[in-house]
Amino acid sequence: MAEKKKSLGKEFTKGIIIENPVLRLVLGTCPTLAVSTSVVNAIGMGLSAMIVLVCSNIVISCLRKIIPSKVRIPAYIVIIASFVTIVQMIVKAFVPALDSALGVYLPLIVVNCIILGRAEAFAGKNSVIASAVDGLGMGIGFTVALCCMATVREILGAGTFLADAQNLLVLFGENTLGGFNGFTVIKDSAMLKPMTILIMAPGGFFTFGILMACANKIAESKGKPKAELKGCEACPMAKNCALIAKGENCGSKEEKEEAKA
Amino acid sequence: MVNGKLLTVSASPHVRSVQTTTKIMLDVIIALLPALAVSVVAFGPRVLLVCAVSVTCAILAEYASRKIMKRSTTIGDLSAIVTGLLVAFNMPSTIPFWMVGLGSIIAIVVVKQFFGGIGQNFANPAIVARIVLLLSFGAEMTSWVKPLTWKVDAVSTATTLASLKTGVTENLPSFGDMFLGMRAGCLGETCAAALIIGGIYLCIKKVIKPIIPLTYIGTVAVIMLLKSHGNLNFVAYELLSGGLLLGAIFMATDYSTSPINTKGKVIFGIGCGIITALIRMFASMTEGVSFAILIMNLLVPYIEKATTPKPFGTPKKEKKEAAKA
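Just so you know, the sequences run in chain order A and B. Counted from 1, the first sequence has number 175 at position 175 by the working numbering; the numbering is strictly sequential. Counted from 1, the second sequence has number 118 at position 118 by the working numbering; the numbering is strictly sequential.
Think of the hints as simulated: they come from the structure by calculation, not from any bench.
Okay, derived cross-link-like pairs now, DSS-like style, lysine-lysine, Cα gap no bigger than 27 angstroms in a straight line: (1) A:K222 with B:K67; (2) A:K217 with B:K67; (3) B:K263 with B:K209; (4) B:K209 with B:K23.
Next up, chain A with everything else stripped away, as it sits in the complex (with noise of 0.2 angstroms):
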């Protein structure tokens, strides 16, 4: 396969725009919408996430060949399953506070699409070191699609930025820089206040909708297909997907099941 022979430093900048896992691909959209509310959550997210993708994607990938096609997804969960475990375990020893701020989300990891995306379209396939070099691009990716929306979200909807720092840089020791721990953008008075609906439900996704527009933007300005409704060559999973390979689309499983009946 050509793309094989793709460098590796292309493999890790791909993950960070031109095919972003929360803007462009539009995975894991369930902690995003959830944990973006601070850039601290953000950031301690995407951290997390991005260790599991990149141990998940090593292991996968060499296993690769023992792996039986029948029972991959099984198997991918197992192993994603059990360094979530472990970065869980971590996060709850060192930085306890960021812990109890992403609560159920941390342990969610599991079923993030993004890492069983990568298992499944990229790690499955290709060798170890790629592998690990697409799961840290694709994990800096989400962390940085994370952390420009918290930052809208942050300083819009709350009015402050890299508030509770500390519940961070505790892992580093106790009043790590200075005992810094953010700033106060917008301050509460007559005259001005945050805009409360960034930091809700709503707001989430407003800044999702208008940052995916920003991406694709970028990316289409790189010379990649609209992500419009363009059948399958636009879609930014198109290389990797199976169907595509077979010269079919996803539309044409549909239509085989309504010609039977």
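Dock chain B against chain A, hints included.
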């Protein structure tokens, strides 16, 4: 024709309407003016400033967003002015100016231009702006003043709906006051008389059809009648208070966010009425008009699909068989 030609041959359409978007929007603006005038009398000249800020922001936002997206300028169709006015009508008169401006910008940029401009918005821009501001700045959006006191920091008071909900009925304004708009509320929603005059004007000019307002208000009336076991007094207060008339006449009838044919309009109106009544009766909020219209706006594509008339002559049986297969 004057130049001696007997026949003009051209492609269809042959019958053209003189009605244009600009004319329709101008009619809507004219219909909104009586309510604005009463509001100025009731809440003081600050009302005019709120409207001015809102309309200016709406026009600027429309102009700027069209320019940035490299589309043709559409300020000339006056729709931005209508949106700006409606946003202002949904605010209390004490609202800080920047909040009104923000509301207008959200209405125009996020709801209208992001989805392709006039005729393509998925929901009524003014309704979404109101809801966004209500959820963001709850305190400012619900600080009502007594009418005819004319000061910003004047006596704050509860709306009639809030009083009705809590069952405190001693201080309710009289029917006459309710009808003429001398009650607490958003600046454009208070005067029933002016809104009804505006609505009748729009109907006469054939800008709107009376179906949606009538079914909407009728549904609320019926439900409230059932709830109060036939207490007409209570029903009348429910109908005159809150933003029901403003919403039913001016916002629910927005072309791009309401169904096209009569059957769809009836469903739309009844749906709005049911949701409004349910929110008024059971939810923690006192007013549900904006949420009702937004929810029904989102359902419009499905209503349209369900009420599309069948072309004449389409056999019925074939369709059923197709559905079974």
